[in-house]
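Novice: Residues per chain are reported as follows:
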Amino acid sequence: MKILLVCAGGMSTSLIVEKMKKEIEKRKIEDIKVDANTIEELEQVIDDYDVVMVGPQIRYKEPYIKNLCAQRGKKYTIIPPAIYGSVDSTKILDLAINLINN
Amino acid sequence: MDYEQIILSIIAHAGNARSLSFEALQLAKEGNFQEARQKISEAKEELLNAHNVQSDILHKEAAGDKYDISLLLIHAQDHLMAATLAKDLIEEFIELYENAFKNKKSTE
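Line by line, the protein sequences are chains A and B.
When we follow my numbering, the leftmost residue of the first sequence carries the number 568, and every step to the right adds one.
When we follow my numbering, the leftmost residue of the second sequence carries the number 13, and every step to the right adds one.
To be clear, the hints were calculated from the coordinates, so they are not data collected in a lab.
Virtual Cβ for every residue (Gly too), placed ideally from N, Cα, C.
One thing to keep in mind: the hints can contain errors.
What the hints assert, rightly or not - Non-contacting residues of chain A with respect to chain B, defined by C-beta distances greater than 10 Å in every case (computed):
no.	residue
1	K589
2	D598
3	Q624
4	L662
To be verified - Dumping the calculated DSSO-like pairs for lysine-lysine here, alpha-carbon to alpha-carbon at most 27 Å:
no.	chain 1	residue 1	chain 2	residue 2
5	A	K633	B	K41
6	A	K586	A	K642
7	A	K641	A	K628
8	B	K78	A	K586
9	A	K600	A	K633
10	A	K641	A	K569
11	B	K41	A	K628
12	A	K633	A	K658
13	A	K658	A	K595
14	A	K628	A	K658
15	A	K593	A	K658
16	B	K56	A	K628
Given these sequences and hints, build the entire structure.
Specialist: Okay, structure coming up:
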């Protein structure tokens with residue numbers, strides 16, 4: 568299971584990814600990978616992932632993301648601002664796992 | 013809110029404001045000026061939310077409670093500035109689009 572978080576510079580999502588990794592360790596989930604990247608790189612790296620989680624600050628790029636994900640057969644979601652702002656890695660991880668499983 | 017939550021909530025509110033502003037621009041491009049202005053007023057509210065969070069840490073710092081200046085905090089300020097500029101410029105663009113639509117109608 569490979570999860571990619573994208574935002575404008577990949578900076579704030581890096582912080583969230585670090586927190587998610589700790590959560591994964593805590594839950595002892597194996598075979599799961601989480602990375603952060605910038606939206607500019609999405610097209611080059613999307614094939615390596617199962618699901619794309621988008622930072623709410625680049626929601627205005629949703630038409631582009633929607634189109635790209637449809638082309639490459641990937642699922643995506645925009646992380647709700649309240650969850651993102653509170654750095655709630657538990658909820659973000661649950662959101663990603665649910666998205667992959669459904 | 014801890015330090016990271018403060019930073020991320022500035023980014024989330026500022027990002028929301030930027031997204032709303034760009035949505036407003038798209039609406040104006042299509043001639044939906046009332047909806048575009050509605051989006052701009054939502055963007056203004058989000059900017060205010062971001063500023064309120066920022067004011068909190070500024071007040072604390074003024075009171076002697078110093079925060080570490082991290083790259084991430086600078087990044088949050090960058091987001092806020094970009095969002096503020098986007099909102100201000102897009103408000104002008106909406107006016108330009110509106111004038112262009114009016115001129116087009118009067119020449120038809």
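Novice: Test the statement that L662 of chain A is away from the interface with chain B: the closest C-beta pair must be farther apart than 10 Å.
Specialist: 15 Å, holds
Novice: Hinted pair, alpha-carbon criterion (27 Å max): K658 of chain A, K595 of chain A. Please report holds or violated.
Specialist: This hinted pair holds, its Cα atoms lying about 16 Å apart.
Novice: Does K593 of chain A pair with K658 of chain A here, judged by a C-alpha cut-off of 27 Å?
Specialist: 14 Å, holds
Novice: Would the pair K600 of chain A and K633 of chain A pass a check requiring their Cα atoms to be no farther apart than 27 Å?
Specialist: Measuring from Cα to Cα gives roughly 22 Å; hence the hint holds.
Novice: Starting from K641 of chain A, check that the Cα of K569 of chain A is at most 27 Å away, please.
Specialist: The hint holds at about 11 Å.
Novice: Checking a non-interface call: every C-beta of chain B should be farther than 10 Å from the C-beta of Q624 of chain A. Is that right?
Specialist: Not fine: 2 Å to the nearest Cβ puts Q624 of chain A too close to chain B.
Novice: Hint check: K641 of chain A vs K628 of chain A, CA-CA at most 27 Å. Holds or violated?
Specialist: At roughly 16 Å apart (the allowed maximum being 27 Å), K628 of chain A and K641 of chain A satisfy the hint.
Novice: Quick one, are K633 of chain A and K658 of chain A close enough, alpha carbons at most 27 Å?
Specialist: 22 Å, holds
Novice: Are K633 of chain A and K41 of chain B close enough, with their CA atoms no more than 27 Å apart?
Specialist: 21 Å, holds
Novice: Starting from K628 of chain A, check that the Cα of K658 of chain A is at most 27 Å away, please.
Specialist: Roughly 23 Å separates the two Cα atoms, so the pair holds.
Novice: Determine whether the non-interface label on K589 of chain A survives the test: each CB of chain B must be over 10 Å from its CB.
Specialist: 13 Å, holds
Novice: For the pair supplied as a hint, K41 of chain B and K628 of chain A, is the alpha-carbon distance within the 27 Å limit?
Specialist: 16 Å, holds
Hint 3 alone, counting from the list given before, is not met by this structure.
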